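Visitor: Chains A and B, in that order, are what the protein sequence lines are. Using our numbering, read the first sequence as starting at 974 and increasing by one per residue. Using our numbering, read the second sequence as starting at 1321 and increasing by one per residue.
Don't read these hints as lab results, they were simulated from the structure. Heads up, some of the hints might be wrong.
As the list claims (entries may be wrong) - Lysine-lysine pairs mimicking DSS-like chemistry, simulated, CA-CA at most 30 Å apart:
#1 B/1395 - A/1070
#2 B/1395 - B/1412
#3 B/1412 - A/1220
#4 A/981 - A/1318
#5 B/1424 - A/1390
#6 A/1070 - B/1472
#7 A/1121 - B/1327
#8 B/1412 - A/1221
#9 B/1412 - A/1390
#10 A/1020 - A/1206
#11 B/1472 - A/1221
#12 A/1250 - B/1412
#13 A/1008 - A/1020
The structure displayed is predicted, hence computed values, not measured ones.
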Amino acid sequence: MPELIVTKDIDAPGLDTLEGYRQHGGYEALEKALKEYQPDELVELVKKSGLRGRGGAGFPTGMKWSFLAKNDKTRYLCCNCDESEPGTFKDRMLMEKNPHQLVEGVILCSYACRVSVAFIYVRGELAYAARQVQRAIEEAYAAGYIGKNIMGSGFDLDVIMHRGAGAYICGEESALMESLEGRRGYPRLKPPFPAAIGLYGGPTVINNCETLSTLPAIVRNGADWYASFGTEKSKGTRVFCLSGQVKKPGNYELPLGTPLRTLIYDEQYGGGILDDKPLKAIIPGGSSTPMLGPDKLDTPLDFEGIAAAGSMLGSGGVVVISEDTCIVDAVLRMTDFYRDESCGKCTPCREGTFWLTEILHRLEHGEGREKDIDLLLDICDNISGKSFCPLGDAATSPIVSSIKLFRDEYEYHVREKRCMVERASTHKVPLHAGEV
Amino acid sequence: MISEQAKQRMRDLASRYPVARSAVMPALYIAQQEEGYLTQEGLQAVAEAIGMTVNDVESVATFYTMYYQQPQGRKQIKVCNSISCYLRGCDKLVEQLEQRLGIKPGETTPDGNYTLRTVECLASCGTAPVLQVNDEFVENVTPDMLDALIDKWDREL
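Bound conformation, chain A alone:
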């Protein structure tokens, strides 16, 4: 079993309390940082560690921090715990089981970036996670880790837990800021980027929950130690969320660069495909990333490897699809999500996701036409890159990639008016149009 960093001791009893967290080295990193590091030195340390954002884009964390505008405006931190990407469930676990690690990460980042008010934006549906984070914040205030003159350093910080209320779009950083400012979660046009003009107009750093939860270990053990895990360009470990038609779904922390095959088939991790069926497709980084075929099983799970295979590492949500599944129906299900979650601000995304689901629906239910497959691709082309935020682009990923890999299955639907896959247990609607 490789060394665990962010999920180390995650199942230790009482880890979610201040006392329990301290017994496992909690807040030692904060003490060390405040005593031994100037803020800029901490930024350098994180740069050197090679840590990259764990939310989806994989941007180097230390570099992001160094882009903060140098002016006299109040700086803010938004910790993005609005975990909603289908197939992703790591941040919820980190908040529920080790909330103090996250809070310590938030304080470390705030110190490094000279932030005076930090927000932890927790997805609305995750009520227990929100309570855990809130309690950790209160305990940290009481212990003097948050507040005025933290541990005698002269550093002041306020931390506020803010609950979302059901909107996937608020995981997009500019929509998250709009939501925090008390508005509808509509994305902002970029530039200006949040590092220049962000929350309340101040320079703002926005980092994912897992990213910040990794900081205490990096500060405690050093940049070189962290950089010794993973690959040359993708350092460290990552919590991979394995789900779908696999024997042992769950969160597995592995060094970046671990082959997909190990995660899915190794007995310690996924243990193989459910009912020992053949593998059909893998979504490597949450439903917004293009799916890959079984021929890509030996691809290393790192930013470069997955990109070279034609997809993205995204949020680390690895969804496994077996031969038991109709790909058109699965893609319809994913597209339903984007239609429902499109905020409606940009026409290509709002109207495009609607029409994509309409067309997929008729294909799946035996009413498709020959030209529908190319029509889907045409609509995707009219959405991609034509909206304020990446939600529309994300909606096109499952469709474009699945047509590339399984065009024959789409054509079969048009020709035979039914699924190639025999099993129909997950279908609500009869497979043949006009049946019943």
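Use these hints to put chain B onto chain A, whose structure you have.
Guide: Relative to chain A, chain B alone:
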């Protein structure tokens, strides 16, 4: 009826944030907690506490799916139907709930006991299929388990 205590909590929130308006979402949660859904009086109370117009508050409230515009059942059942739960048979659970409760997703039983919803990915894909009852998770749900759960909820109501 929004209690004076609830209004005070809203005002406290407004001063807790750097800008009062940021407190609109938590204040809406308080209003909803008081009455089970957002009434005109609830929106009014939020508007007064935060210093926004009622229309403005309503425009925020209607963007987010967790603020309810209608009375809700005493047990609110949310079934995840996104990709990972779909791959693990969530549609069967929805059918089973429809049959046992006699309502479709989005509806509330006439006795006000249950509201059924299908929702987007609940960040519990490793323990799919999942549902939430009044915001608390039930994971790795099987048809047998669901039958027993509904019996249990019935007894609790």
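Visitor: Can you name, in rising order, the numbers of the hints this structure does not satisfy?
Guide: Violated: hint 4 alone.
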